[in-house]
Every structure is written in structure tokens, then in C-alpha cells.
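S.K.: For the protein sequence lines, the chains are A and Y, in the order given. Mapped onto the working numbering, the consecutive letters of the first sequence carry residue numbers 1 to 241. Mapped onto the working numbering, the consecutive letters of the second sequence carry residue numbers 1001 to 1159.
Rather than coming from a laboratory, the hints here were simulated on the basis of the structure. Here the structure is a predicted model, which means the values were calculated and not measured. Heads up, a few of these hints could be off.
Here are the simulated BS3-like cross-link-like pairs (lysine-lysine), alpha carbons at most 30 angstroms apart as the crow flies [said to hold, decoys possible]:
hint	chain 1	residue 1	chain 2	residue 2
1	A	K152	Y	K1054
2	Y	K1030	A	K152
3	Y	K1054	A	K137
4	Y	K1030	A	K185
5	Y	K1048	Y	K1156
6	A	K185	A	K163
7	A	K78	A	K102
8	A	K102	A	K185
9	A	K139	Y	K1156
10	A	K202	Y	K1030
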Amino acid sequence: MMKFYTMLRYITKLITILILSIGTSQENVVLDQNIKLQDSFKIEQKYGIRVGVDLSKQIRMLTEDYTGVSLYADLRIKERIFIVAELGNDDKRINNENLNSKFSGNYIKAGFNYNFYNNPLGLENEIYFGFRFAASKFKSEVYDYLVYDLDKYWGQGRIEDYKEYNDLDANWIELMLGFNTKISKNIFMGASLRLNRMISQKSPDNFGNLFIPGFNIVTEDNKFGTGITYSIIYRIPIIKK
Amino acid sequence: MNFHHYSRLVLILFFLIACEPDDICLESYKDSPNLIIKFLDFNTGENKSVINLKIKGINIEDDLFNGSTDSISIPLNNYENTTSFSFTKEFDSNESNEDLIYFNYLRNNVYVSRSCGYRMEYAIENIIVENDTSNWIEDSIIERRVINDEILHHVKIYH
Chain A
1 MMKFYTMLRY ITKLITILIL SIGTSQENVV LDQNIKLQDS FKIEQKYGIR
51 VGVDLSKQIR MLTEDYTGVS LYADLRIKER IFIVAELGND DKRINNENLN
101 SKFSGNYIKA GFNYNFYNNP LGLENEIYFG FRFAASKFKS EVYDYLVYDL
151 DKYWGQGRIE DYKEYNDLDA NWIELMLGFN TKISKNIFMG ASLRLNRMIS
201 QKSPDNFGNL FIPGFNIVTE DNKFGTGITY SIIYRIPIIK K
Chain Y
1001 MNFHHYSRLV LILFFLIACE PDDICLESYK DSPNLIIKFL DFNTGENKSV
1051 INLKIKGINI EDDLFNGSTD SISIPLNNYE NTTSFSFTKE FDSNESNEDL
1101 IYFNYLRNNV YVSRSCGYRM EYAIENIIVE NDTSNWIEDS IIERRVINDE
1151 ILHHVKIYH
């Protein structure tokens, strides 16, 4: 129940921020359009490198036993196509009634976004479909466990038996839907939802991959996972077309 | 659909996937196996019930079993390499006879699932029946050393 409330608080916060950011962008739109009306024949399309961070990780750090960071970069190569790379690190404790464990490691994701939103004059928003190929290298640790035994005649206690499993890896693909909205000159805010599908994973003989950095929670007997991001992105103002 | 419709759609989907699945162990997985003992006649080698058998762990209040049977399934201690039981035959009569029996084994944890953690499997090393003036247990034989299922008996006890 506690988890539900913290999650609710986190979502409410997130939505407030997002709504504020969309509101802000709308004011800019009006201004932009006024400016554009003055020289409506010249439509300037900006191409360039953008860099960003995924703030959803920082928000997760407040509510979960988790630390992580994720960096983002994209390059606009066509009017609608961006090449994207993401680099990150996750460190997640998974503690439940029967098992205490930790998963930590790095990941890299590469792919593209296709912006299918037709911007009115002067706007630089994106609503996109994205595709990523992702790879992670990580390790897992088991701290202690409660023996799974239904008749508890001999009583129950935790068995502390520390085990570390190194050199684990996983590969997967991600399909995503997201949006980026310009909130001021060269600064964008965005969110994305991702559906991940595992391609391959290496798990230890006597333990499972319950969480994979970059992939997120791995549910039992299921190749699919989900992820969310909430990013602030800065466009380095160099290239113009 | 304009930009705001799309962004609202994304926000609604946020709600749907933001919750983690609950970590509750469903009892559909096999748990740590019990030790299964079969009782046989010492002379003929045929199945023979023990009349009014009472089984309890030494130093434990509660009984594990009460009744007449020719086979029994009992849990081993997951936290030690020895489990000690008191086996009393004809516990409700003047003829009642208590034998103490010790099972020594090795333990091996086997990963089950995220929510259930680990279960224990065992490999029996030996069985010791404490000598007293009148043991009703004549002999014990380890039939299947490794206890990782509950399909067949692991140990035979002759009486």
C-alpha cells in the first residue's frame, strides 16, 4: 500500500511538471508564430546535435532503492529522422519477503526516432516512433533468502549466503512512442514509453535476472518489459539548415 | 489528433505501466521436499504399518504425526545439517516405545523464482537410531540419497 502511495505521488508530480511544460510551450508557440508572420517566406529548419538526461531516474531514486543515470544524444539527419544513442547505468535493490538481491551495470542503446507530427509553421515539437537496439553488461548479487518451504514445522529464518554473479549480459530491442516539446530556445522536454523485447540474456545457473540495467524489471517467463523516460534535452546551436 | 491529444495519450499510458508487479510467492511452485519413509516388516520385508505412531521433532512442542501408517512424509530442518525426531510406537498404550532417530544430510539451495526465492534439496549422509534398552526400529536403509522430489520413498525403516 505504501508503495502505491509513493508511486501515486511520483506520478502526480511528473504530470504536474509535464502539464506545466506543455503550457509553457504553448505560450512560446504564439510568440513564435507572431515572429514568423513577419517573414513568412523563410522557414528555418534547425539540424544539429542534442544532448540530454533522463530525469525519470532521478525521480525513481526518491521512491525506490535505486540509483542510476542516463545520458541521451541525438542527431537530426533528415527532416523527420533522428539518430539516437543512449548510455546509462542502473543499480537496483530487489528486496521482497523471500529474497534480497541487487542488480547493477551499464547499458547502451542505439537507434532512431521518426517524427510523424506535422508541425504548424514555426513549431519544433516531435511526436515520434522510435526503435532501439540495446545491450547491457551487469552483475547480480544475492544477500539472503528465506527457504521456500510450505510446512514451517522447524521455524523460519533468513539464510545469509552472499553470492555474486559477474559477467552477465543481455540484448534486446525497444519500440517506443514519445514526444518532445520545445520549452525555450534550444531546450526540449520529452517523455517516452517503451516496450522492450528480450533477444538474449545470460543468467547464472542458480539465480535469475530479475532486473536488467536499461531493460528494467524482468517478469517471470516473459520476454517483454516496459520502460518510461522523462527527459530534458539541450540542442547545441551549431548546425543550421 | 493534435500534439496535445498525443501527449495526453502518452501520459495515460504512463499510469498503466508505472506500477511494479507484486512480489507475492504463489504456491504453485514445488517447495522444499519432505523426507518420505516407508515402514517394513524386519522379518518378511513386506510393508507393515506402525500402530499408533507419534512423530515429533526433538525439542519441539507440536506433533508432526499421530496415527497408524506404513509410510510417512516429514519435513527436514532447512537451517541445520541434522534433523532429530522422536518416533513413538503405540503412544497411547502401556506398551509405548520411543526411539530417537537422527538424519544427517547436506543441503543445497535451488533457485525457484523472484517471489519464492530458493528452496532446499538434501543429500542424506546417514541415519542414526539412538540405542536404548528396547529399540522398536530394527534397521534403516537409505534407498534414494538425494531428496529432490516427493514421488517415491527415500528411506526404509524395518521394525
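S.K.: For every hint, state whether the structure bears it out.
M.R.: Hint check results:
Of the supplied pair hints, the one linking K152 (chain A) and K1054 (chain Y) holds, its CA atoms being roughly 18 angstroms apart against a limit of 30 angstroms. Taking the CA atoms of K1030 (chain Y) and K152 (chain A), the gap is about 15 angstroms. The hint holds against a cut of 30 angstroms. For the hint pairing K1054 (chain Y) with K137 (chain A), the CA-to-CA distance comes to about 55 angstroms; that exceeds 30 angstroms, so the pair is violated. The hinted pair formed by K1030 (chain Y) and K185 (chain A) fails the criterion: a straight-line CA distance of about 60 angstroms is larger than 30 angstroms.
For a cut-off of 30 angstroms, the pair hint linking K1048 (chain Y) to K1156 (chain Y) stands: about 11 angstroms separates their Cα positions. Distance check on the hinted pair: K185 (chain A) and K163 (chain A) sit about 50 angstroms apart at the alpha-carbon level, beyond 30 angstroms; violated. The hinted pair formed by K78 (chain A) and K102 (chain A) fails the criterion: a straight-line CA distance of about 42 angstroms is larger than 30 angstroms. A threshold of 30 angstroms between alpha carbons decides the hint, and for K102 (chain A) with K185 (chain A) the separation of about 41 angstroms lies outside it, so the pair is violated.
A threshold of 30 angstroms between alpha carbons decides the hint, and for K139 (chain A) with K1156 (chain Y) the separation of about 45 angstroms lies outside it, so the pair is violated. About 24 angstroms separates the Cα atoms of K202 (chain A) and K1030 (chain Y), which keeps this hinted pair within 30 angstroms; it holds.
Checked against the numbered hints given earlier, this structure breaks hints 3, 4, 6, 7, 8, 9; the rest are met.
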